[in-house]
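A.B. asks: Listed here are the chains, written in short residue letters.
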Amino acid sequence: MTQTAPRSFQEIILRLQAYWAAQGCAVLQPYDMEVGAGTFHPATTLRALGNRPWAAAYVQPSRRPTDGRYGENPNRLQHYYQYQVIIKPSPANLQDLYLGSLQAIGIDLGLHDIRFVEDDWESPTLGAWGLGWEVWCDGMEVSQFTYFQQVGGHDCRPVSGELTYGLERLAMYVLGIDHVMDMPFNDPDAPIALKYGDVFAQTEREYSRWNFDQADTAMLLKHFEDAEAECDRILAAPALDPKTGKTIPMAHPAYDQCIKASHLFNLLDARGVISVTERQAYIGRVRALARKCADAFVTTEAGGAA
Amino acid sequence: MPDLLIELFSEEIPARMQGRARDDLRRLVTDGLVAAGLTYASAGAFSTPRRLVLTIEGLSAQSPTLREERKGPKADAPAAAIEGFVRSTGLTRDQLELRDDKKGQVYFAVLEKPGRPAGVIVAEVLEETIRTFPWPKSMRWGTGTLRWVRPLHSILCILTDEAGAQTVPLEVEGITAANTTAGHRFLSPGRFAVTSFDDYRAKLKRAHVVLDSAEREAMIWAEAGNLAFARGLEVVEDRGLLTEVAGLVEWPVVLMGEIGEEFLSLPPEVLQTSMREHQKFFSVKNPRTGRIEGFVTVANNATADHGATILKGNRKVLSARLSDARFFWENDLRTVTAQGLEGMGAGLAHVTFHNKLGSQADRVARIAALAREIAPLVGAQPDLAAEAARVVKADLQSAMVGEFPELQGVMGGYYARAAGLPEAVANACKAHYSPLGPSDEVPTDPVSVAVALADKIDTLTGFWWIDEKPTGSKDPFALRRAALGVVRLVLANKVRLRLLDVILAGYEPFDRQLRWELECEEQDADVEAAKRLDVPVSVFQDWRSKIAQEKRQRNGPSDFERRLFEIDLSNVPHPGASLLAFFHDRLKVYLRDQGIRHDVIDACLAMPGNDDLTLLVKRAEALAAFLKSDDGTNLIQGFKRANNILTQAEAKDGVEYSYGADPKFAETEEERALFAALDAAEAAIAPAMQAEDFAAAMAAMAALRGPIDAFFTAVQINTDNAVVRRNRLNLLSRIRQTCLSVADLTRIEG
Chain A
1 MTQTAPRSFQ
11 EIILRLQAYW
21 AAQGCAVLQP
31 YDMEVGAGTF
41 HPATTLRALG
51 NRPWAAAYVQ
61 PSRRPTDGRY
71 GENPNRLQHY
81 YQYQVIIKPS
91 PANLQDLYLG
101 SLQAIGIDLG
111 LHDIRFVEDD
121 WESPTLGAWG
131 LGWEVWCDGM
141 EVSQFTYFQQ
151 VGGHDCRPVS
161 GELTYGLERL
171 AMYVLGIDHV
181 MDMPFNDPDA
191 PIALKYGDVF
201 AQTEREYSRW
211 NFDQADTAML
221 LKHFEDAEAE
231 CDRILAAPAL
241 DPKTGKTIPM
251 AHPAYDQCIK
261 ASHLFNLLDA
271 RGVISVTERQ
281 AYIGRVRALA
291 RKCADAFVTT
301 EAGGAA
Chain B
1 MPDLLIELFS
11 EEIPARMQGR
21 ARDDLRRLVT
31 DGLVAAGLTY
41 ASAGAFSTPR
51 RLVLTIEGLS
61 AQSPTLREER
71 KGPKADAPAA
81 AIEGFVRSTG
91 LTRDQLELRD
101 DKKGQVYFAV
111 LEKPGRPAGV
121 IVAEVLEETI
131 RTFPWPKSMR
141 WGTGTLRWVR
151 PLHSILCILT
161 DEAGAQTVPL
171 EVEGITAANT
181 TAGHRFLSPG
191 RFAVTSFDDY
201 RAKLKRAHVV
211 LDSAEREAMI
221 WAEAGNLAFA
231 RGLEVVEDRG
241 LLTEVAGLVE
251 WPVVLMGEIG
261 EEFLSLPPEV
271 LQTSMREHQK
281 FFSVKNPRTG
291 RIEGFVTVAN
301 NATADHGATI
311 LKGNRKVLSA
321 RLSDARFFWE
331 NDLRTVTAQG
341 LEGMGAGLAH
351 VTFHNKLGSQ
361 ADRVARIAAL
371 AREIAPLVGA
381 QPDLAAEAAR
391 VVKADLQSAM
401 VGEFPELQGV
411 MGGYYARAAG
421 LPEAVANACK
431 AHYSPLGPSD
441 EVPTDPVSVA
451 VALADKIDTL
461 TGFWWIDEKP
471 TGSKDPFALR
481 RAALGVVRLV
491 LANKVRLRLL
501 DVILAGYEPF
511 DRQLRWELEC
521 EEQDADVEAA
531 KRLDVPVSVF
541 QDWRSKIAQE
551 KRQRNGPSDF
561 ERRLFEIDLS
571 NVPHPGASLL
581 AFFHDRLKVY
591 LRDQGIRHDV
601 IDACLAMPGN
611 DDLTLLVKRA
621 EALAAFLKSD
631 DGTNLIQGFK
641 RANNILTQAE
651 AKDGVEYSYG
661 ADPKFAETEE
671 ERALFAALDA
681 AEAAIAPAMQ
691 AEDFAAAMAA
701 MAALRGPIDA
711 FFTAVQINTD
721 NAVVRRNRLN
731 LLSRIRQTCL
741 SVADLTRIEG
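Chains A and B are the protein sequences, given in the same order. Mapped onto UniProt numbering, the consecutive letters of the first sequence carry residue numbers 1 to 306. Mapped onto UniProt numbering, the consecutive letters of the second sequence carry residue numbers 1 to 750.
Worth flagging that the hints you see were computed from the coordinates, not collected in a lab. Note that this is a predicted model, so its numbers are computed, not measured. One thing to keep in mind: the hints can contain errors.
Computed footprint of chain B on chain A, listed as stretches where at least three residues anywhere in the stretch have a Cβ under 8 Å from a Cβ of chain B [unchecked claim]:
{"#": "1", "segment": "112-118"}
{"#": "2", "segment": "233-243"}
No more than 25 Å apart at the CA atoms, straight line, and that leaves these computed lysine to any residue pairs for SDA-like [as the list claims (entries may be wrong)]:
{"#": "3", "chain 1": "B", "residue 1": "280", "chain 2": "B", "residue 2": "15"}
{"#": "4", "chain 1": "B", "residue 1": "312", "chain 2": "A", "residue 2": "288"}
{"#": "5", "chain 1": "B", "residue 1": "280", "chain 2": "A", "residue 2": "111"}
Glycine included, every Cβ here is placed at the ideal spot set by N, Cα and C.
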């Protein structure tokens with residue numbers, strides 16, 4: 001059932017939260033680290049592994065330093081929001097559930113043209129891939145729809161279905177806004193009506209400058225090495241904790257370091273200090289960490305180990 | 001004779017995979033049915049984004065009963081042997097028959113395999129087909145293990161005869177075959193039952209699904225044409241896009257819109273590429289101005305507002321995309337205006353072409369040097385060709401080509417004009433990648449030809465140099481295409497050049513680099529040795545050269561010198577020789593497609609100067625025409641006869657009859673006539689060959705046909721008179737020599 005048109009960015013988020021909560025998803029909160037996409041949240045990456053059923057939905061702030069445009073480009077931001085849904089095993093009616101979510105945010109399926117266009121997803125840094133589509137609404141990509149086949153080098157059994165909505169772009173389309181900074185963040189009739197620009201124009205400028213010109217590359221490089229070393233060290237520690245006498249493999253703390261390394265790589269990339277040939281090497285290093293974290297996770301309870 | 005209908009209903013199948021999937025479904029199912037003993041009258045396969053469909057008419061209702069007789073052991077064979085035979089047949093002992101054989105009584109088993117109903121066979125074949133379907137990429141979903149291109153939801157499988165439709169009992173991974181399907185996702189989502197293919201197709205149409213992709217393509221093309229025509233515009237043809245778009249919709253709704261005024265100044269190729277790649281839009285051209293002014297998009301939904309909302313959304317997305325394109329275009333133009341086209345390409349020094357072949361800038365330098373060498377051979381100014389070569393790759397650094405790699409060359413042409421470079425240079429930017437295939441247009445402008453040849457020769461010599469030759473079906477660097485490109489450039493422009501010279505020129509920078517690396521190696525060895533001995537390098541080198549000199553006097557050149565020596569000498573086998581053979585292979589394939597027989601090409605390839613492709617083809621064409629004439633066919637027979645007799649005699653006598661046939665030993669009129677004919681032919685052939693007039697040379701050769709035939713009819717070669725015999729063999733040798741001076745006729749078959 002198509003609902004009335006939403007009036008603000010946050011209303012779209014709230015409706016998605018309500019919709020997916022009604023479908024039985026656990027509505028999680030964003031992960032408290034810098035990531036490039038919602039997929040990096042351990043609720044997706046790690047929980048896609050192993051055989052335990054899982055259903056979660058959440059907003060994830062995402063940072064892509066190279067996409068910064070000082071807040072001037074109508075569509076590009078170095079910090080934006082993704083809405084992420086992950087359900088394992090993928091239900092047979094996932095496409096219908098997805099279409100229901102579009103109706104929930106006011107897209108009338110009788111008036112628009114929704115298409116599932118082939119787009120296979122691959123994350124070289126996570127050692128992950130899946131098959132699916134980008135979903136087009138009137139020629140615009142509004143979501144990514146993926147059936148995970150592998151994560152961290154492990155086959156996904158059962159398979160998770162993953163939906164990713166680029167929230168700003170989707171909201172701009174639904175609200176009919178041409179420049180992201182002009183988009184109402186809260187209700188336009190609220191006593192203190194705020195636009196997206198009121199919240200983020202200044203931060204986009206500040207971060208664009210820092211990402212492109214100011215970030216200390218020597219320090220970032222060192223942090224990258226540190227994160228890599230710490231990840232390795234955590235995973236190399238024996239699973240048996242001498243203090244509690246319990247078996248406690250530390251997959252999540254190690255994975256935090258992997259996320260960190262990945263984001264530091266993105267920052268270094270934005271600073272233009274990584275050459276084309278080095279790029280592949282760095283991606284390979286992050287992938288190696290992701291793989292080891294996945295190896296560790298599947299030995300844990302949440303990872304399906306008995 | 002029942003008809004079979006199969007529908008495999010899934011989530012959206014990628015458009016690019018649908019064509020092959022139709023063929024595979026038809027092939028696998030019909031092959032399976034036939035292998036199981038069924039026959040059928042006809043089969044047809046269809047696809048939409050959500051379904052793969054197969055219809056088979058006139059299928060046999062069951063497979064025939066098969067009767068097989070197996071011969072067993074003799075009646076008096078050991079019991080164990082008989083028991084074993086009984087077991088192997090699956091019968092009991094009393095079911096065996098005893099028959100008389102030459103050596104006594106023998107057991108026979110008569111096995112009857114009863115025919116099976118079509119439904120059982122269809123179920124087996126379809127399950128096997130689904131489980132082994134060759135999708136280029138497939139996936140699992142949910143908790144299952146079945147692989148399909150995207151989740152498979154339902155299977156429709158019915159056999160229909162006069163008595164009605166029957167569902168074939170079949171279950172694959174929890175999906176039970178039924179007689180129902182669903183309509184269009186949005187317009188008619190309900191499920192319905194069908195009784196036959198005609199019923200299925202008609203009900204689908206009512207449920208907003210056009211089953212046949214060819215029909216969808218025709219609908220889209222016709223409607224797009226109508227919409228454009230109504231505004232005095234025309235749709236730019238794009239077969240690939242049409243097929244793709246038809247694979248994205250079940251119910252095509254064609255909508256047309258205009259491109260914003262602010263984007264009309266963009267080059268038409270940019271508009272077309274951006275719209276096709278990002279939006280899957282057709283371009284709409286104004287035939288009066290030649291500009292792209294509109295677009296056609298194909299939706300999969302018929303809406304109450306007749307597509308107004310859909311069109312508005314599409315227009316908005318397009319304008320965001322074209323804003324990007326305009327941003328790239330204006331940025332690139334600013335770069336070119338400020339720094340020139342070569343300036344735009346400055347960054348190529350940091351782009352690796354191949355880790356063993358240096359950067360793109362290294363490659364550009366090599367191509368420029370080579371283009372300068374080639375220029376005079378194709379009628380281009382060397383300086384202009386080198387200037388063009390230096391900038392033709394610059395657009396690889398432009399923002400536009402970064403976004404749309406397929407616009408490489410095209411953008412270079414625009415940017416060269418914007419930079420005020422000569423028209424010939426701008427043309428070369430665009431044309432130097434051509435020809436890209438056997439039917440692509442070949443450049444004719446001399447500067448473009450020079451750079452296009454240099455580009456391809458450098459690619460070929462480079463990859464030959466690092467030994468990355470194509471093998472079998474693997475040709476990751478498209479070297480066959482490059483070689484064919486050279487062949488077509490040379491032939492279409494009737495360029496006269498010795499390909500081997502050009503190949504060696506292409507090798508020059510790599511040879512030079514190797515010499516330099518060897519010298520560096522030696523230098524490094526010197527430095528290390530000097531360090532070990534704790535003396536200055538110059539002192540060590542001085543010692544070494546003195547010792548080497550003495551050694552050389554005693555032993556000849558050192559290993560190092562010999563290595564250098566080998567590279568410098570063109571009489572040792574150079575990798576360029578195998579590259580020439582690679583060109584010849586491409587040429588053979590190309591000429592075969594033009595209808596010239598391979599033995600004709602071989603006969604010409606065996607002649608000197610075979611690296612001059614234009615000459616080679618001229619000869620081959622003349623020879624092919626000659627062989628089609630009566631004279632030609634008969635002359636070949638005469639030549640072969642002469643050659644066979646001569647070869648046998650030479651083998652027997654252990655001598656070569658190659659000189660000294662004398663008319664004074666001629667005994668018959670026919671013999672004397674042949675002498676006269678050979679004199680005349682030789683006198684005509686030599687100047688004709690000099691003038692490369694192969695047709696005239698072959699006509700002169702054809703005149704030998706009568707005298708040769710008459711000679712063989714009247715004269716016995718192997719007479720008792722040794723002098724006469726030798727003279728006649730030497731005469732045959734003159735025939736051979738004369739004929740071989742035109743082409744190696746021994747290679748002609750038949």
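A.B. asks: Tell me the hint numbers this structure goes against, listed in increasing order.
C.D. replies: Hints 2, 4 contradicted; others consistent.
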